[in-house]
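Trainee: If you want the building blocks of each chain, they are given just below.
2 protein chains.
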Amino acid sequence: MFCSSVSKSISFAANLKNINMSLVVVGSMAFDAIETPFGKSDKIIGGAGTFIAWCASNFTAVKQISVVGGDFPQSELDLLTTRNVDLEGVQIKKDEKTFFWSGKYHMDMNTRDTLVTELNVLENFQPVVPDSYQDCEFLMLGNLVPAVQSSVIDQLRTRPKLIVMDTMNFWMEIAMDDLKKTISMVDVLMVNDSEARQLSGDYSLVRAAQKISAMGPKYVIIKKGEHGALLFHDNKIFSAPALPLEEVFDPTGAGDTFAGGFIAHLAKTRDISFENMKTAIIVGSAMASFCVEKFGTERLRGLTNEEIKDRIHQFVQLSSFDINLI
Amino acid sequence: MFCSSVSKSISFAANLKNINMSLVVVGSMAFDAIETPFGKSDKIIGGAGTFIAWCASNFTAVKQISVVGGDFPQSELDLLTTRNVDLEGVQIKKDEKTFFWSGKYHMDMNTRDTLVTELNVLENFQPVVPDSYQDCEFLMLGNLVPAVQSSVIDQLRTRPKLIVMDTMNFWMEIAMDDLKKTISMVDVLMVNDSEARQLSGDYSLVRAAQKISAMGPKYVIIKKGEHGALLFHDNKIFSAPALPLEEVFDPTGAGDTFAGGFIAHLAKTRDISFENMKTAIIVGSAMASFCVEKFGTERLRGLTNEEIKDRIHQFVQLSSFDINLI
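So the sequences go chain by chain: A and B.
Using the working numbering, read the first sequence as starting at 3 and increasing by one per residue.
Using the working numbering, read the second sequence as starting at 3 and increasing by one per residue.
These are calculated hints, taken from the structure and not from any lab test.
Be careful, since some hints might not be right.
Straight-line distance between alpha carbons at most 30 angstroms, and here's what the computed DSBU-like set of lysine-lysine pairs gives [to be verified]:
hint	chain 1	residue 1	chain 2	residue 2
1	B	K226	A	K106
2	A	K220	B	K99
3	B	K220	A	K213
4	B	K182	B	K163
5	B	K238	A	K311
6	B	K213	B	K182
7	A	K226	B	K45
8	B	K45	A	K238
9	A	K226	B	K296
10	B	K45	B	K96
11	B	K226	A	K213
12	A	K220	A	K163
13	B	K42	A	K42
14	A	K163	A	K99
15	B	K45	A	K296
16	B	K213	A	K238
17	A	K296	A	K238
18	A	K106	A	K220
19	B	K96	A	K226
20	B	K311	A	K296
21	A	K226	B	K163
22	B	K226	A	K238
23	A	K45	A	K99
24	B	K99	A	K226
25	B	K213	A	K106
26	A	K45	A	K238
27	A	K42	A	K163
28	A	K311	B	K182
29	A	K213	B	K42
30	B	K213	B	K226
31	A	K226	B	K226
32	B	K226	B	K163
33	B	K238	A	K226
34	B	K213	A	K213
35	B	K42	A	K296
36	B	K99	B	K45
37	A	K42	A	K220
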């Protein structure tokens, strides 16, 4: 017999005051210019850290570590502050420019060409962890230079309860040694399917996850875009669906948003069991499904708790089935 | 709150005598020669109808419609008979040769080249529905010439309770009019993702399913190989996972086996609700996950009920999660 026991709860920002503020997020805050088959954005707000913060702040408070230039709008920072995103760890380099990325998606929306990368303030970014961020229980390392990611871990006097790391193929090509060192320090690594294959040198995702786990992370999440995500731990596997969408308008930030929903659910519930990670992946997937509906962070900005609950409920309906083995 | 109600049961061949024998299967019975990155088979037993029969006969009796040449081993036919596969509708053309297909899979196992196609007895196949097959409640049209599929429907004096159709891109290229006519006559169409896009002319699988449904089938199943399968009906969607495997040894027949498990579960339970179709997709997926473990039908031949139950249980564990929306 299969009957899901009910033990987890998803509550929302209204309860923020009651929540242990122990989630630290490291990630870029940037400008993006995006072209998709459906249109072209202006220079808009982007960056892994930005997407994670916009997403995670629906569930829990966030302590942000990042760097921006003098051209980054103060109004954007103020908006995050009103959402309980602590910006003490965000350096503002008045005389420099914010990181800028421009990319163009192909028709299938799974592949893209980078048109412009201007590192600007990211070039010499040395993160500094404020004292008030010490003793954080949950650390989300958004996709960033691996040495910058590990320097944040090194600065924490007490190891967080859970360290989750996102990364991308780019670092495998130019900084594999640093990347492997950082990977060896974390509990959960999230990569997409082609990155898992590249990192492990194995085509089979099952074996790729085993090989990545042998590098350090006890939990490996493989993101498969429109095909959902897989969570591997010991010999256990969880397969989460993606919501089939009529249109993916702009995939930028979907992976970051997924990461934000995943760690925010864990931080809020303070439960890092495999069972709760499954739930966290559904929360991350639901949040990512919003992200792709509009350019950049636009869709994440107007989200209501009701919409989030409805979307999570859609995931339940999407993947639940009844079965009785006799 | 999400808690799966328990209302369906999976029982097995041991109960065959109690089961209403109302499943008719139409499909090729053939010889295959297969090359994969892992090895090369001899000329072995294959064909959509063969895979469907080997799979479905684990759950219910089967009435088979097909054609073979004088070179098809009698021992193979006898084996199917012992499994409650009725062969009255299988024509044996003593002086002709059985359909032969040879193919070579690429490294990703999702694409293949056809090396040889010898239609032989299939070239002028005119299926004849025996009297004893009339009043069948469930009809499975395995991948075959669309005009042959529809001629079986035409010969049935009473329309079956459910008609399920499998097809492939080949017929879209050489017999689109016949294909659309047959599609308009069925309840459930199953195709893979690229075929759904080709048939509908739409890249989005959600819109592709809507367009295919407008052609006739109230239910559309899109098979995504290692990424599972989607079931569409009205505005409802079910996403079934695939079992992540270390190795796909030979994908030949996986789609046919999926079809066999799907319709056999429905025929056995005689319940064609959307909820039970979800369960049927899990049964089909579990059976297909066995099929790819060895060449051809080999893995399906030795299956025990215990193995099938265990595999279905793996699917439950793979995709279940706990969530509570408050």
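Trainee: Hey, K45/A versus K238/A, does the alpha-carbon distance stay inside 30 angstroms?
Mentor: violated, 43 angstroms
Trainee: Under the criterion that the straight-line Cα-Cα distance not exceed 30 angstroms, is the pair K45/B, K296/A satisfied?
Mentor: violated, 53 angstroms
Trainee: K42/B and K296/A: Cα distance at most 30 angstroms?
Mentor: Distance ~48 angstroms between K42/B and K296/A Cα, so the pair is violated.
Trainee: Quick one, are K213/B and K182/B close enough, alpha carbons at most 30 angstroms?
Mentor: This hinted pair holds, its Cα atoms lying about 12 angstroms apart.
Trainee: Would you check the hint for K213/B and K238/A, treating anything up to 30 angstroms between C-alpha atoms as holding?
Mentor: Violated. K213/B to K238/A sits at ~38 angstroms, over the 30 angstroms cutoff.
Trainee: Has the given pair, K163/A with K99/A, been kept, meaning a C-alpha gap of at most 30 angstroms?
Mentor: violated, 35 angstroms
Trainee: Verify the proposed pairing of K42/B with K42/A, using a straight-line Cα cut of 30 angstroms.
Mentor: Given that 30 angstroms is the threshold and the Cα spacing comes to 49 angstroms, the pair is violated.
Trainee: Measure nothing beyond the straight line between the CA atoms of K226/A and K296/B; if it is 30 angstroms or shorter, mark the hint as holding.
Mentor: holds, 26 angstroms
Trainee: So if I understand the rule, the pair passes when the alpha-carbon distance is 30 angstroms or less; does K213/B with K213/A pass?
Mentor: With Cα atoms ~42 angstroms apart, K213/B and K213/A exceed 30 angstroms; violated.
Trainee: Is the Cα-Cα distance between K226/B and K106/A 30 angstroms or less?
Mentor: Holds, because 26 angstroms separates the two Cα atoms, which is no more than 30 angstroms.
Trainee: For the pair supplied as a hint, K42/A and K163/A, confirm whether the alpha-carbon distance does not exceed 30 angstroms.
Mentor: Roughly 41 angstroms separates the two Cα atoms, so the pair is violated.
Trainee: Need the status of pair K213/B, K106/A: alpha-carbon distance at most 30 angstroms?
Mentor: holds, 29 angstroms
Hints 2, 3, 7, 8, 13, 14, 15, 16, 17, 18, 19, 20, 21, 24, 26, 27, 28, 34, 35 and 37, counting from the list given before, are not met by this structure.
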